[in-house]
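Going line by line, the protein sequences match chains H and V.
Okay, so the first sequence: first residue is -13 according to the numbering used here, each after it adds one.
Okay, so the second sequence: first residue is -13 according to the numbering used here, each after it adds one.
Because the hints were derived from the structure by calculation, they are not lab data.
Heads up, some of the hints might be wrong.
Note that the list lumps identical chains together, so a pair holds whenever it fits in one copy or between two copies.
Distance condition first, Cα-Cα at most 27 angstroms in a straight line; then the derived DSS-like pairs of lysine-lysine [stated by the list, open to error]:
| no. | residue 1 | residue 2 |
| --- | --- | --- |
| 1 | K475 | K378 |
| 2 | K241 | K179 |
| 3 | K350 | K38 |
| 4 | K179 | K242 |
| 5 | K464 | K38 |
| 6 | K52 | K(-12) |
| 7 | K247 | K334 |
2 protein chains.
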Amino acid sequence: MKKVSILDSTLRDGAQGEQISFSLQDKLNILRILDAFGVDYVEAGTPASNPKDLEFFSLASKIPLKNTLLCAFGSTRRKGRSIEQDEYIQALLEADTPAVSIVGKASETHAQHVLQATRDENLAMIADTVRFFKSKGKQLIFDAEHFFDGFFENSDFALASISAALENGADIVCLCDTNGGRTPTEIISVVNKVRELFPSMRIGIHCHDDSGCAVANSMVAVEAGASHVQGTFLGCGERCGNADLSVLIPNLILKKGRSCKITHLEQLCATARSIAEISNITVPGNRPYIGNSAFAHKGGMHIDATLKFRQAFEHIAPTAVGNHRRFLLSEMAGRSTLLEKIGHISPKLTKDSPELAAIVEQLKELEFEGYQFEAAEASLELLARRVLGLHKPHFTLVQYKTIDEYPAPNGKEQASAMIEVGVGGRIEVTAALGNGPVNALDQALRNALKVFYPQLDKVHLTDYKVRVLNTESATAAKVRVLIETSDGKMTWNTVGVSTDIIEASWLALADSIEYQLIGVE
Amino acid sequence: MKKVSILDSTLRDGAQGEQISFSLQDKLNILRILDAFGVDYVEAGTPASNPKDLEFFSLASKIPLKNTLLCAFGSTRRKGRSIEQDEYIQALLEADTPAVSIVGKASETHAQHVLQATRDENLAMIADTVRFFKSKGKQLIFDAEHFFDGFFENSDFALASISAALENGADIVCLCDTNGGRTPTEIISVVNKVRELFPSMRIGIHCHDDSGCAVANSMVAVEAGASHVQGTFLGCGERCGNADLSVLIPNLILKKGRSCKITHLEQLCATARSIAEISNITVPGNRPYIGNSAFAHKGGMHIDATLKFRQAFEHIAPTAVGNHRRFLLSEMAGRSTLLEKIGHISPKLTKDSPELAAIVEQLKELEFEGYQFEAAEASLELLARRVLGLHKPHFTLVQYKTIDEYPAPNGKEQASAMIEVGVGGRIEVTAALGNGPVNALDQALRNALKVFYPQLDKVHLTDYKVRVLNTESATAAKVRVLIETSDGKMTWNTVGVSTDIIEASWLALADSIEYQLIGVE
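Use the sequences and the hints to build the structure in full.
Written out as structure tokens, the structure reads:
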């Protein structure tokens, strides 16, 4: 099997993404995750332009890595300075990483306009820098910036740049579509040309997604002879981002028969989601392979076909990448999907039973109000139980009142909540302070209920999301609150919708607790 | 120039997207937008499986369209039924559209497993259905479902299917990568083969994005001879979605020299954003061409280079698609970006002035707390004015109190707010009810201030967004509120961060009003 090595630049190029801001600890955590998954190189920072990166590399060097080589990133030496005089080069050396990636100009226009360097000056800058780091025993990846644009503008200039890197010992020459504007047929023709001219060159590919082709461009480059790919997890990066490794890696392994150090591709989803969590970004539902909708079937015909033979509308088995198949609810999907989800509740539920029809009706009404049950299956189950008369509420709300004051009366918590709930024949009135009204209400409710249900002590909320539904109504808009709860073993999701964020949160909170207590007398 | 026709399936295949649910009015509005933009065909529904679609087509037929042909979608007749007996076929006819798209099986496995049809039965179903709709004078697009998968599995079967459609008069034969698992080199080889075998065939391409290659696959198909493309705006659709027309269209026009009815490509952003608004989805910031970050520069070196020559890190001019260049703030970007944004406030602000350094410090502190000023430039300007001592507050908050009660004391509004503000030497105390605590506080503040600043009457909030920053802290998490305000002419954005959603909203509200009053004595 043909091999390919993988460089993840989430911590370098990915950090240029608009929403991204990594702490030192974030970077160390992501490094550990990428190493465990089996990424060959982690390009983790630019010591020359960011002094914090030196601290990172110092700490990172103490982490025992089993798959990954740490890589620091920097430019060729500056024009008119020797290697020794260039403090940026010295900072890069100081990072003391086993691998170094050096970016140099492969476009005549860029060399002229950005560096004010002639062709010969540019070639000398590349040659000196590559030679220097090879003399220090580094693995050296040369990133030929704007290579494809440069090739179409002046191919001699572009080819001379990569030739200089190769001759001076670069281990990998990575061809970059820095502006992300190139398309697959262009990439194929240029990589073919480079492979013919430099048969001994280990070719890499680094694509940006400004034409929506970064993954495809990387794929065709590999098919044309590249054996090193660069990208970022989830495609984070400046502008439209980099080639998304969470899509590119399974494509190369599952569709193009490439092998690499990643031997547990079923860890892909977990890896990508952990990185997303640390990066504080949401994995888009429709992201190939790893998205929550990537194997979700909504159309009735598609669902029927998928029930007939599983691969009907799936390009790969979802388990191969650690994802799973889902059947969605919607007017189109119809009853068989719903039945698959809630059929276990009661034998009365069959495809044509009036009970199922009644649930569908209720579902439609709530969806019209802004509810979505795809991400709140615990609320769906409660809804079905309520319609079926199988739900005995474990508590009833009599009243609540939340107060939020500025300045905080006690100098600390601005919010307080009072709640009155009934359990069986008893009434409990409790109160709590909080750092916000929802937090105060959440605490007050738990205080009230734990008297009756001590098992609630083990439960905590693990996620809280707010979506404003009709943003143009501004502060009068409806909001949907999604809550994820865990008891350490199981996790469940509930939903609430209201124009009042406190009420929406209450509804999701109440469902979360009711769901946990199903079966408790 | 080579021509290409465009079919938008946002209202049909796009409606299969997990988050999508269109009302009748939504569909009519999207149709109007697509027609104005210059899309050739709008595939707007499946009359056979969704009775509501017949109502849509009846209303849509009354809209005068200047570019678009309405298209209804359905399957080939069912096995063992004549055209006349098949009520689905009759429903499709009843939709009374000038164009019809008919999906038929091009994969032997699917014909066997899903339809239980032999090769001959399948061919007869295709032939009969195409012939029938052609006899009714329709433009006919034949969608060869699973064509690429079918071709690799049994090419004779797949080719016989499209041959049957062609021979019976299909105007366009659209090759579908239904499962979205194919890659560019496969598409190139198969489309080349089809073009050689059927030189008179008008080839279309319909790709899904399960391998992240839908746009690239559509592009290479066009370069190999396809002259009709199908997709959805923003790539909405089942699982990972369809080829994103908002990326594919500019790629074909700007990069591959194709022409179509779209003559105002600079309307692309507005078109895509309107459709997103109606679909109630967010345009991802990093979406090529149309995303808010698509031409946003964050890295300091990139910004410097882009200031030197504009196309340094841009594959096209942002104005060509109605987007614009942005320079982002971040530790990496440095002072020149900040100066470009706020330099107009004071001549004291220069790249090396202590005033600018003080603003950078303040900015870093707030970013650490969770603020982001990229999307809140009005708050950034106020921050700078405060640091420079140029901001004279137009009001001061003495106290506020919001109360949220269930059940609502008056049976309607659950929330009320009291506020005490000082303006000059005067104190104003007002109160308001609201459908949520933030709404009530917003109203109370406006009531208090309009006594002093009648111009606030013209102002209204146009957008309100909430992001939970550290979701794992659940109801104790920090939230960031972004508010967009408009006075009918100008629009500005402000931000607030707190663990208390009411305080976060207050901070953004207060900035919004202060910004409007800059310059008012």
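Hint-by-hint comparison with the structure:
In this assembly of identical chains, K475 and K378 lie within 27 angstroms of each other by CA distance solely inside one copy; the values are 24 angstroms within and 55 angstroms between copies. Proximity of K241 to K179 under the C-alpha cut-off of 27 angstroms is found in both arrangements, the shortest distances being 24 angstroms within a copy and 21 angstroms between copies. Only between protomers do K350 and K38 lie at most 27 angstroms apart by alpha-carbon distance; the minimum there is 14 angstroms, versus 53 angstroms within a single protomer. In this assembly of identical chains, the alpha carbons of K179 and K242 lie at most 27 angstroms apart whether taken from the same copy (21 angstroms) or from different copies (21 angstroms).
Taking CA atoms no more than 27 angstroms apart as the test, K464 paired with K38 passes between copies only; the shortest distance there is 26 angstroms, against 43 angstroms inside one copy. Taking CA atoms no more than 27 angstroms apart as the test, K52 paired with K(-12) passes inside one copy only; the shortest distance there is 22 angstroms, against 53 angstroms between copies. Taking identical chains as interchangeable, the C-alpha atoms of K247 and K334 are never at most 27 angstroms apart, the minima being 51 angstroms within one chain and 56 angstroms between chains.
In this structure, only the earlier hint numbered 7 is contradicted, and the remaining ones agree with it.
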